[in-house]
Amino acid sequence: PGGFTMEASAKTEQGYQQIINQCYFALERRFYGTEPFIYFTEGNTDLWTTQANKSTSYTQYLWFFAGAAPNTTYTNDLWSAIYDGIGSCNNAIALAPLAPITDDKRNALVAQARFLRAVYYFNAVEQFGGVTVILEPAKDVDYNPQRTAPLEVYKNVIIPDLEFAVKYLDKGTDALNTIPTKKSALGFLAKAYLQTVEYDATKEYAAKALKT
1409 PGGFTMEASA KTEQGYQQII NQCYFALERR FYGTEPFIYF TEGNTDLWTT
1459 QANKSTSYTQ YLWFFAGAAP NTTYTNDLWS AIYDGIGSCN NAIALAPLAP
1509 ITDDKRNALV AQARFLRAVY YFNAVEQFGG VTVILEPAKD VDYNPQRTAP
1559 LEVYKNVIIP DLEFAVKYLD KGTDALNTIP TKKSALGFLA KAYLQTVEYD
1609 ATKEYAAKAL KT
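For the record, in the sequence shown the residue sitting at position 120 is 1528 according to the working numbering, with numbers rising by one throughout.
What the hints contain is simulated information worked out from the structure, not anything from laboratory work. Ideal Cβ positions, reconstructed from N, Cα and C, are used throughout, including at glycine. It is possible that part of the hints are untrue.
Claimed, not checked - List time: in silico EDC-like cross-link candidates among lysine to aspartate or glutamate, alpha-carbon distance up to 20 angstroms:
no., residue 1, residue 2
1, Lys1563, Asp1511
2, Lys1579, Glu1534
3, Lys1563, Asp1578
4, Lys1419, Asp1512
5, Lys1579, Asp1511
6, Lys1611, Asp1578
7, Lys1619, Glu1571
8, Lys1611, Glu1560
9, Lys1599, Glu1544
10, Lys1563, Asp1608
11, Lys1513, Glu1450
12, Lys1616, Glu1544
13, Lys1563, Asp1582
14, Lys1619, Glu1606
15, Lys1619, Asp1608
16, Lys1513, Glu1421
17, Lys1575, Asp1511
18, Lys1591, Asp1512
19, Lys1591, Asp1608
20, Lys1616, Glu1606
21, Lys1590, Glu1571
22, Lys1591, Asp1578
23, Lys1547, Asp1608
24, Lys1599, Glu1534
25, Lys1590, Asp1512
26, Lys1616, Glu1560
27, Lys1563, Glu1606
28, Lys1611, Glu1534
29, Lys1419, Glu1612
30, Lys1599, Glu1612
31, Lys1547, Glu1415
32, Lys1599, Glu1450
Claimed, not checked - If you anchor each label on the Cβ, the simulated ranges turn out as follows:
no., residue 1, residue 2, range
33, Thr1610, Ser1488, 32 to 38 angstroms
34, Lys1513, Pro1568, 29 to 35 angstroms
35, Lys1619, Ala1416, 40 to 46 angstroms
36, Thr1481, Tyr1551, 19 to 25 angstroms
37, Asp1511, Gly1410, 22 to 28 angstroms
38, Glu1450, Thr1540, 24 to 30 angstroms
39, Asp1608, Lys1419, 39 to 45 angstroms
Please take these sequences and the hints and turn them into a complete structure.
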């Protein structure tokens, strides 16, 4: 154990697969399906309601947080999950050249990491606005992080990552539901193109959204 490094792990096929698997952890266990994520993204829509005639503090969370007085634990949990996920994806992308696999398999695995990184950044931008863009494995602590405007995050990270995923992810079948497929990437890319209209008066990507 004392000799373990990410680089050494990436030099075996099984080890690199484990690095790819780590990209999913924050998404599954700390993000989608958790209460904070639902409250932030869907609690103020008509997708959820509370049991009739039941008095509970949780009722307030589904009414635009009215009276719920949420503390920063909710934002901290989401923020940490997002950047943990981004960090794992950056590791997987950077270490891909070390993996002893074919180029086709390498591209398909990197496409998973880039798809997931796009999902993490999409949620970061839509919940927090301008965020810090990190595209390489962390080497040290950044004591002066800078925000990048949402449209630039879309143009330079989210859209390129999803376009790569569209190109290299497997078409898959209806039974393949554990990893993203080409169809997943196309759907999310169309959503990303469309979402840029919120930030871009020129509507540069609107036509691409329809085509995709």
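Now for the hints, and whether the structure bears them out:
{"no.": "1", "hint": "Lys1563 <-> Asp1511", "in the structure": "violated (26 angstroms)"}
{"no.": "2", "hint": "Lys1579 <-> Glu1534", "in the structure": "violated (28 angstroms)"}
{"no.": "3", "hint": "Lys1563 <-> Asp1578", "in the structure": "violated (24 angstroms)"}
{"no.": "4", "hint": "Lys1419 <-> Asp1512", "in the structure": "holds (17 angstroms)"}
{"no.": "5", "hint": "Lys1579 <-> Asp1511", "in the structure": "holds (17 angstroms)"}
{"no.": "6", "hint": "Lys1611 <-> Asp1578", "in the structure": "violated (30 angstroms)"}
{"no.": "7", "hint": "Lys1619 <-> Glu1571", "in the structure": "holds (13 angstroms)"}
{"no.": "8", "hint": "Lys1611 <-> Glu1560", "in the structure": "holds (14 angstroms)"}
{"no.": "9", "hint": "Lys1599 <-> Glu1544", "in the structure": "violated (25 angstroms)"}
{"no.": "10", "hint": "Lys1563 <-> Asp1608", "in the structure": "holds (11 angstroms)"}
{"no.": "11", "hint": "Lys1513 <-> Glu1450", "in the structure": "violated (36 angstroms)"}
{"no.": "12", "hint": "Lys1616 <-> Glu1544", "in the structure": "violated (28 angstroms)"}
{"no.": "13", "hint": "Lys1563 <-> Asp1582", "in the structure": "violated (31 angstroms)"}
{"no.": "14", "hint": "Lys1619 <-> Glu1606", "in the structure": "holds (18 angstroms)"}
{"no.": "15", "hint": "Lys1619 <-> Asp1608", "in the structure": "holds (18 angstroms)"}
{"no.": "16", "hint": "Lys1513 <-> Glu1421", "in the structure": "holds (10 angstroms)"}
{"no.": "17", "hint": "Lys1575 <-> Asp1511", "in the structure": "holds (14 angstroms)"}
{"no.": "18", "hint": "Lys1591 <-> Asp1512", "in the structure": "holds (18 angstroms)"}
{"no.": "19", "hint": "Lys1591 <-> Asp1608", "in the structure": "violated (26 angstroms)"}
{"no.": "20", "hint": "Lys1616 <-> Glu1606", "in the structure": "holds (15 angstroms)"}
{"no.": "21", "hint": "Lys1590 <-> Glu1571", "in the structure": "holds (10 angstroms)"}
{"no.": "22", "hint": "Lys1591 <-> Asp1578", "in the structure": "holds (9 angstroms)"}
{"no.": "23", "hint": "Lys1547 <-> Asp1608", "in the structure": "violated (33 angstroms)"}
{"no.": "24", "hint": "Lys1599 <-> Glu1534", "in the structure": "holds (12 angstroms)"}
{"no.": "25", "hint": "Lys1590 <-> Asp1512", "in the structure": "holds (15 angstroms)"}
{"no.": "26", "hint": "Lys1616 <-> Glu1560", "in the structure": "holds (17 angstroms)"}
{"no.": "27", "hint": "Lys1563 <-> Glu1606", "in the structure": "holds (13 angstroms)"}
{"no.": "28", "hint": "Lys1611 <-> Glu1534", "in the structure": "holds (18 angstroms)"}
{"no.": "29", "hint": "Lys1419 <-> Glu1612", "in the structure": "violated (41 angstroms)"}
{"no.": "30", "hint": "Lys1599 <-> Glu1612", "in the structure": "holds (14 angstroms)"}
{"no.": "31", "hint": "Lys1547 <-> Glu1415", "in the structure": "holds (14 angstroms)"}
{"no.": "32", "hint": "Lys1599 <-> Glu1450", "in the structure": "holds (17 angstroms)"}
{"no.": "33", "hint": "Thr1610 <-> Ser1488: 32 to 38 angstroms", "in the structure": "holds (35 angstroms)"}
{"no.": "34", "hint": "Lys1513 <-> Pro1568: 29 to 35 angstroms", "in the structure": "violated (21 angstroms)"}
{"no.": "35", "hint": "Lys1619 <-> Ala1416: 40 to 46 angstroms", "in the structure": "holds (44 angstroms)"}
{"no.": "36", "hint": "Thr1481 <-> Tyr1551: 19 to 25 angstroms", "in the structure": "holds (24 angstroms)"}
{"no.": "37", "hint": "Asp1511 <-> Gly1410: 22 to 28 angstroms", "in the structure": "violated (33 angstroms)"}
{"no.": "38", "hint": "Glu1450 <-> Thr1540: 24 to 30 angstroms", "in the structure": "holds (26 angstroms)"}
{"no.": "39", "hint": "Asp1608 <-> Lys1419: 39 to 45 angstroms", "in the structure": "holds (42 angstroms)"}
When held up to the earlier numbered hints, the structure conflicts with 1, 2, 3, 6, 9, 11, 12, 13, 19, 23, 29, 34 and 37 and fits the remainder.
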